[in-house]
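Trainee: Sequence:
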Amino acid sequence: MVGHDGPKYAHESNQPSLPQNDTPAEQEARRTALGLTQEKYHLSNDNDLGLPLLKEVPAEEAFSNIYEAGRAIDTFPLLENHDKVMSQLTNPYGPFTGLADYESMFIDIPKPAVTKNWLTDESFGEQRLSGVNPVMIERVKNAKDLASKFNVSQLKDVLDSDINLDELIKDELLYITDLSPYLKDIPEGKVPSPGGYIPKYLPKPIGLFYWHKDGAKLKDPSLKSGRLLPLAIQVDLEGDQVKILTPKSPELLWTIAKMCFSIADVNVHEMSTHLGRAHFAQESFGAITPCQLAPKHPLAILLKPHLRFLVANNQAGIEKLVNTGGPVDMLLASTLQGSLDISTTAAKSWSVTETFPESIQARNVASEESLPHYPYRDDGILIWDAVVGYVNEYVNIYYKNEEDVVKDYELQAWAKNLADTGVHGGNIKDMPSQIESIKQLSQLLSVIIFHNSAGHSSINYPQYPCIGFCPNMPLAGYSNYREFLAKEKTTQEEQLTFLLSFAPPQALALGQIDITNSLSIYHYDTLGDYAKELTDPLAKHALYCFTQKLTAIEQQIEVRNSQRAEPYKYMLPSEILNSASI
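Going by this note's numbering, the residue at position 435 of the sequence shown is 425; the numbering climbs one at a time, nothing skipped.
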């Protein structure tokens, strides 16, 4: 039976226990129950994506009636908005007459927050730190590092004379976002229209940013005031040619350059950061956990809310988002196969051993002295530490020593299955085939829980606020930017005409609003909201301490937001789902 709390099993026990501590009869009952479950879950990477996915979603994993009803209710205003806007479009597959026309598409739904200031460099820089894809920004380590990615000689020709790259690097103030490796060899798509196919364009840019020490925290009386601002954007042209534009370039050309960057960023976000890493890479946990850990296993109980609806949601995404003629095919810049290739590469590269702090450190953005304002990092570390504390306390209830870990044969089967690189294995990168210590186990569980909760929510819920207003982050370009930017001189009128033809046509802009709103509007639950599922008094106490910590974090972030130029809500515990259920 499937209730509003997710899967229910007839053989569930209210007394959690490790298998080796059960009586022989109880152990046999566990094995029998797991055998029955394994008959329903068929994981295989023999599919078009080449990723481990369930061939069919068992009834136990299906969306509940409460989930489906709640999501339908929350989506209703969007449907009303779609019908009203569609009836007003004058040229569905043609461009608007001005950027302001995009703002007229929000009749029954609120305008995305970014609408008010998206054109400013301040907003463009801020989105690297607190937007929909805040996991890409890296600090430039040295001149060689910069030269390996950016055409430095051309850059120096267009930079203001008062900007010294060497000093910015030395002072750890220079940052880069290189989107080109994610998009290498990814083809550009086309979309059908009544007049034939419209070609789509996928830039492969590199953005250069610097920390400007005045102005980020306008209300903050501390010495941390400053702001991340764009310094230059390198846009690919034909062959190996590039063009570098800066804030000193003609205003409309600079806007086109930022639009090129945003198209690449949002395609990487949707197919790599989001679908690949936050959804597809997690499928094996959702498929293997109920097959190897009996329902009364303490870790099955711990992980259950953090894997709820995961595989059902992934299957829904495959059927309704990445299908032929679906939103990814029609709206994103590549072909459907090209977009799926980005997701497959991302899913295979996700490592279960990389912690949140390590992911920050790997991009050289951990220092608050060099980068004082980074909401994704600063608020995320609070959630990470809380999750680690909760997991450690929970695990120590049941595992008193390393022998308990090693002798837990269900746990070891779980690890072996997840690490298996065969056709029916979990294929989880860096997953140990045997778990040997409490510390190792706790870290693995912390990564899984954080990634499926805060990790997913923080890159899912900014979709409508950031992407819902198409000019800010178009899902594709619709005119040949390489040809246009290669021209030595263009008039302001030509630049505006190109910009409007480059941005999404009217009907496709509406499609972008529809999909981003539908993916961002519904919250099924909140982090830590599953006390009724626990029966062990010690486990309930650990969860109580966790939720108390989350309440304190909520208050701490709210205080931070009152001092930030732009509030960041995506790491608020009240905004975080337990699982990647949407």
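Derived by calculation from the structure, the hints in this document are not laboratory data. The structure displayed is predicted, hence computed values, not measured ones. Incorrect hints may have been included.
Below, a list of computed lysine-lysine pairs in the DSSO-like style, where the Cα atoms sit at most 30 Å apart [claimed, not checked]:
hint, residue 1, residue 2
1, K429, K419
2, K294, K539
3, K180, K479
4, K106, K134
5, K160, K180
6, K131, K406
7, K146, K194
8, K310, K429
9, K530, K294
10, K131, K106
11, K310, K419
12, K146, K131
13, K146, K101
14, K294, K479
15, K310, K174
16, K134, K45
17, K45, K74
18, K559, K30
19, K429, K139
20, K203, K174
21, K203, K180
22, K429, K238
23, K45, K106
24, K479, K146
25, K559, K522
26, K194, K390
27, K30, K479
28, K45, K429
29, K45, K139
30, K180, K131
31, K203, K238
Trainee: Holds or violated: K310 with K429, Cα cutoff 30 Å?
Mentor: 40 Å, violated
Trainee: So if I understand the rule, the pair passes when the alpha-carbon distance is 30 Å or less; does K294 with K479 pass?
Mentor: Violated, at about 60 Å.
Trainee: Check the hint pairing K131 with K406 against an upper bound of 30 Å on the C-alpha distance.
Mentor: Measuring from Cα to Cα gives roughly 38 Å; hence the hint is violated.
Trainee: Mind checking the alpha carbons of K530 and K294 for me, to see if they're no more than 30 Å apart?
Mentor: Measuring from Cα to Cα gives roughly 15 Å; hence the hint holds.
Trainee: Quick one, are K146 and K131 close enough, alpha carbons at most 30 Å?
Mentor: The given pair, whose Cα atoms are some 18 Å apart, holds under the 30 Å limit.
Trainee: Given the hint that K429 pairs with K139, test it: the Cα-Cα distance must not exceed 30 Å.
Mentor: Violated, at about 39 Å.
Trainee: Check whether the Cα positions of K203 and K174 lie no farther apart than 30 Å.
Mentor: 35 Å, violated
Trainee: Mind checking the alpha carbons of K203 and K238 for me, to see if they're no more than 30 Å apart?
Mentor: The given pair, whose Cα atoms are some 19 Å apart, holds under the 30 Å limit.
Trainee: Has the given pair, K310 with K174, been kept, meaning a C-alpha gap of at most 30 Å?
Mentor: 26 Å, holds
Trainee: Within a Cα-Cα threshold of 30 Å, do K45 and K74 meet the stated pairing?
Mentor: Given that 30 Å is the threshold and the Cα spacing comes to 39 Å, the pair is violated.
Trainee: Within 30 Å, alpha carbon to alpha carbon, are K45 and K106?
Mentor: Given that 30 Å is the threshold and the Cα spacing comes to 45 Å, the pair is violated.
Trainee: Are K194 and K390 close enough, with their CA atoms no more than 30 Å apart?
Mentor: 52 Å, violated
Taken one by one, the earlier hints fail for this structure at numbers 4, 5, 6, 8, 10, 13, 14, 16, 17, 18, 19, 20, 21, 22, 23, 26, 27, 28, 29, 30, listed in ascending order.
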